[in-house]
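Participant: Sequence:
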Amino acid sequence: MINKINLQPQIGTDAAPKSLSAAEVTDQFGKFLNEAISNLNAQQTAVDQLNQQFVKGEISDVHQLTIASEKASLGLELTVQVRNKVIEAYQEIMRTQV
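Every position in the sequence shown, counted from 1, becomes a number in the numbering used here once 171 is added.
A few of these clues could be false.
No more than 25 Å apart at the CA atoms, straight line, and that leaves these computed lysine-lysine pairs for DSS-like [stated by the list, open to error]:
#, residue 1, residue 2
1, K202, K189
2, K242, K227
3, K189, K227
4, K202, K242
5, K242, K256
Between beta-carbon pairs, the in silico distance windows are [claimed, not checked]:
#, residue 1, residue 2, range
6, Y261, N205, 15 to 21 Å
7, G201, F225, 33 to 39 Å
8, V251, A217, 15 to 21 Å
9, Q262, G228, 19 to 25 Å
Since the hints were derived computationally from the structure, they do not count as laboratory data.
Beta carbons: idealized from backbone N, C-alpha and C, even for Gly.
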């Protein structure tokens, strides 16, 4: 199943949304990226374990291994594309003249 990514800003317990400073937004974005990379690493570790079990003959269901491998592959591809977009945006900002 595909997990939903929540990109909405954190809202305080009040009914009105809380305004965040640039440092807080940067911190939240950093935490989001760290969590995403940790999840990607966990997926890859799970695939490695399934590969080892399959090689040893402990798993006879190849579908489980294939699905886990594709999920990890798609996660890595998404991560690379997001990284490329971030670098492209940074380069565009650096090219702007003040």
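Participant: If a hint holds in the structure, say so; if it doesn't, say that too.
Facilitator: Results of checking the hints against the structure:
1. K202 x K189: holds (19 Å)
2. K242 x K227: Measuring from Cα to Cα gives roughly 22 Å; hence the hint holds.
3. K189 x K227: violated (54 Å)
4. K202 x K242: The given pair, whose Cα atoms are some 22 Å apart, holds under the 25 Å limit.
5. K242 x K256: holds (21 Å)
6. Y261 x N205: 15 to 21 Å: holds (19 Å)
7. G201 x F225: 33 to 39 Å: holds (36 Å)
8. V251 x A217: 15 to 21 Å: holds (20 Å)
9. Q262 x G228: 19 to 25 Å: For Q262 and G228 the Cβ distance comes to about 50 Å; the hint is violated.
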